[in-house]
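*Asks:* Sequence lines, in order, name chains D and R. Numbering that gives the first Met the number 0 puts the first residue of the first sequence at 0, with every later residue one more than the last. Numbering that gives the first Met the number 0 puts the first residue of the second sequence at 0, with every later residue one more than the last.
No lab work stands behind these hints, which were simulated from the structure alone. Possibly wrong hints are sitting among the right ones.
Stretch by stretch, here's where chain R covers chain D in the computed footprint (C-beta under 8 Å, at least three residues) [said to hold, decoys possible]:
no.: 1; segment: 1-9
no.: 2; segment: 24-31
no.: 3; segment: 34-45
no.: 4; segment: 62-70
Built from N, CA and C at the ideal position, the CB exists for glycine as well.
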Amino acid sequence: MNLDRARQLLMAKLDGELEASEAAELEAALASDPSLRRELLRLEALGHELDRYRLKDPADEVLEALARSVIARTGLHLGWFLAGGGALLLFAAAVVAVLRDPALPLVFRGSAGGLLLGLSLLFAVKVRERWLERQHDPYRYVTR
Amino acid sequence: MPSREPELESSLLRRARDGDREAFAALVLRHRREALQVALGFVGDLEDARDLTQEAFLRALSHMHRFDVERPFFPWFYRILRNLCFNFLAKRGRHGECPLVLERDGGIDPAGAGVSPLQSLEASERGERIWQALCTLSPEHREIILLRHFRDLSYQEIAGFLHIPRGTVMSRLFYARAALREALESRLGKEGPTLAEATEAS
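Bound conformation, chain R alone (with noise of 0.2 Å):
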């Protein structure tokens, strides 16, 4: 998560508010990667996702006056994009459908590198599975799946993006992670070994 110099943040966050254009194209520089991977995380399609980041953008700028400088910029703007893309998913009533895989620039990529053509075929295959589980998991489990997993965040991080305490973030992963082994094991129940043998092959 981009937290790194915070002095620079600030500098350029008290600048952005009061009105400069340059500071604030430079925060958006230094955020955008992250802000588009947290957007694709949640609505799949990264035409959609652009959109929703913009618009997180935007709106971070004309709510700047309300934002304090001295506190970390990204988990304001976070809670900006995610409450857009709540939005975004809840009109679209498409909820469960997750074409993010069918996208060259989204879904989930195999970490390692260094395989045969088999197994990364395999590995694409587990890990479209893995991300069609995700889709069927309720918005609150897949954002915290998605934030402890994929973004690597803290509890205490997690907790300060969302508002929660500690706890809360536990038992949240502990059913959000429930949720993904039901939901990915009935999917390897139907095609193959289970989640352990297939873990275990690998």
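Extracted from the complex, chain D is given alone in its bound form (with noise of 0.2 Å):
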């Protein structure tokens, strides 16, 4: 048996999930081998003192007003969205206007070009910013 999945089997044991065939195998891997007898009982120590602990329980008035913010939050998320959907089309839409319409001063056209330039830049810095960060980003390999 290799020795990963020697390792497989003494986690199913210490945690009760080793099946019939797997018994017999581990139990022979055991046999033979000092330093997984060794480890077994290591793990079993860390296990015992885990065992004497438990994640402490929110108490009542926090999950009162968790379920409330949400259940009061329902009607507002659909607001948010079709709010700042209908400002952010508006906003193009105004500056694509002032920026083709020839009758208007070069000065109005001029700002708001600057304007969708200023926030183009700003959006490639934050996205940048985001990209430098994920380097160093300790969870860039979790699964999502």
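Both chains are sitting in their own frames, so use the hints and assemble them into the complex.
*Replies:* Structure follows, in structure tokens:
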């Protein structure tokens, strides 16, 4: 039996998840490998230590407040989505209309162009910042 | 884990998907405790955990049309919540810090009752060391220890929650426990007996 398989079976034994066919396989490995037996004892000690603790229960008031605020926000969610999307579309349409209207003074068209360029730059800088942060992110290999 | 009354849950899910806010509220009430505990286990701070849990419920609602209502809700919801928590932690960039033990409503509590104040203090200190050691683990290792030891999930349930095979659950548990033991022994080594001695003595 290879080491990875032996370690998997050790876990199953510790957690009471060993199947009948696996039990015989593990017994044979334990009988022939003293380091595996030591590993089992060490992990058992850890298991006993962890078994003495549990995660605290959140207080009832906290749970009540959580439920209330989730339920209250269900309507807000759609409202924000529609308002945000509408505002973005309106802004984009206004900027395009100003840029394309030759009758407007150059200062308006220049300002609208500058605003659009500035917002695009801010967006690009933010994306770059996120990308750089991601290089040092301990969670980057976590499967999402 | 909340897998009780699957028929009722699937009826609530169907109604919530069709826009029934009362059915959604009932789902929130059924799963809020487990959800908040999961978020607390990941991010430590109660306020942050509450915000993330709220956001996860709202995202679940807005994606309900994609969900197969005949399947249990919580494993699907868990993935939404864990992804939010991982994104939050990545943004916060403070992997390894552990504010949870400082919170009255968070952290690990000694499971036993009827112990002397001294024993209780020792148990709390040991609990704090365990929690601090857990926080030094990688996110995936910390997650699998939380699911196995503090949520009592079977290998099959963990495999379903994380979308990984049973063999991967076992391997990941081995490496997570080995890392935790090492972190814990280095802490106990600095301040007291080894893990085996500490367990023996208590």
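*Asks:* For every hint, state whether the structure bears it out.
*Replies:* Taking the hints in turn, this is what the structure says about them:
1. 1-9: holds (count 5)
2. 24-31: violated (count 0)
3. 34-45: Per the Cβ count (5), the hint holds.
4. 62-70: holds (count 7)
Hint check: a violation occurs at hint 2 only; the rest are consistent with the structure.
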